[in-house]
Amino acid sequence: MQNFLYEELSEVESIYRSIKTQLADICKLSELKEVVQAIRNEINAGIEDLEWIKLNLELMQSKSGMKLYKEFYTTTLRGLYTVKYRAVILDRLVSIIIYNTYIKHNKKYGEATTALERFVNNVKVHLKDARKLKFYTFIEYEYSTITILDDYNIIAFCTPSYDILKPWKWTLLLHEKGHTMFNAKIDTYIMKFREKFTHTP
Amino acid sequence: MAISRSDWEKLTELWDISEIASTVSRILASLYMLKMGVYKPEISTKLLLEIEKCRKLLRKIIEDLELHAHDKAPETILVTLIINTYGYMDTKKIRNNLLSANQGLSKLEKIIKQKTINENRLKDKDILQLENMLRKLSDALNSKATQIASEIYAV
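Quick note, the sequences are listed as chains A and B, same order. Residue 152 in this note's numbering is what sits at position 152 of the first sequence, and the numbering runs on without skipping anything. Residue 29 in this note's numbering is what sits at position 29 of the second sequence, and the numbering runs on without skipping anything.
The following block holds chain A by itself, in its conformation from the complex (with noise of 0.2 Å):
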């Protein structure tokens, strides 16, 4: 019956161990220093999550026979599948992290991947809930945010790729900005606002 768990295990370990091999690539640019960082201690989480699951299967081999083993045995399985769900998305993150390494690198596209690093970073200095905040620009498919690593402060604002060209687009991560300020203080615009519509006469 564990065995099943244990591939799914083993399968985990792999995309972990695949992240690591692309972040061996750029580890060194320091300009992702904080993100790679941060990708790291999310790994290591990971694996310690994967390391107190097999203990747990270890210390209970002798306990299958018991009716309340297949309850251990699902909720060990989504404890798992959670794991899973965070390793994938880590490998996306770190794919669009890799791509824009290349980008950036690219004759033609070098220079405008700069310039728009300094147009998100230019705006930040207006923005005076965004101090702490770490901003990093990637190249994606569509204008979008990514706040998975926001614990982390970093928050990543993309620009798709047909747009990289054109500056008089880049407006549109402003419209990125706003839901990056308000999530950040969330609590405070709610509190705010919604006091004020509900107690309108």
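Calculated from the structure, these hints are not laboratory results. These figures come from a predicted structure and were not determined experimentally.
With a cut-off of at most 30 Å between alpha-carbon atoms, the simulated DSSO-like pairs for lysine-lysine come out as follows:
#1 Lys53/B - Lys185/A
#2 Lys192/A - Lys10/B
#3 Lys132/A - Lys72/B
#4 Lys67/A - Lys123/B
#5 Lys56/B - Lys177/A
#6 Lys84/A - Lys46/B
#7 Lys107/B - Lys54/A
#8 Lys124/A - Lys10/B
#9 Lys70/A - Lys84/A
#10 Lys67/A - Lys144/B
#11 Lys144/B - Lys70/A
#12 Lys40/B - Lys70/A
#13 Lys33/A - Lys84/A
#14 Lys35/B - Lys63/A
#15 Lys72/B - Lys185/A
#16 Lys113/B - Lys67/A
#17 Lys177/A - Lys108/A
#18 Lys72/B - Lys93/B
#19 Lys56/B - Lys185/A
#20 Lys125/B - Lys60/B
#21 Lys70/A - Lys115/B
#22 Lys177/A - Lys144/B
#23 Lys124/A - Lys177/A
#24 Lys63/A - Lys136/B
#25 Lys185/A - Lys92/B
#26 Lys84/A - Lys60/B
Using the hints provided, position chain B relative to the given structure of chain A.
Leaving out everything else, chain B in the frame of chain A:
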């Protein structure tokens, strides 16, 4: 496969839900282990850390629920999940159940710290309330995570 903005919104939601589900499943699995008489000192440090995380989660759920009940905040994902967990919208009743589950968490912490694990102590009504809440919450979280994952990966 192209990743659109809505996909990243979903991925972020899946990321956050997975984090909560992870804590819930670890405490619940440990509780089952203790009930089956399986305990080793090497798991206690991690388990105590997880209990602390779970306590913070319960506090946040209670806080969100209170604000929502008094119309001071919208229904957050945690409020939706806890309503789905219990299957009713009586916030006062949910709050009382959560407070009892929180008590159960403190009692479980005490049992682990004192290393006096026996079946009778785990039959305490607050610990049973904790187990019941975690089991239902795990179901709600699992169903939500599976739904988001299928939306993302079915594109």
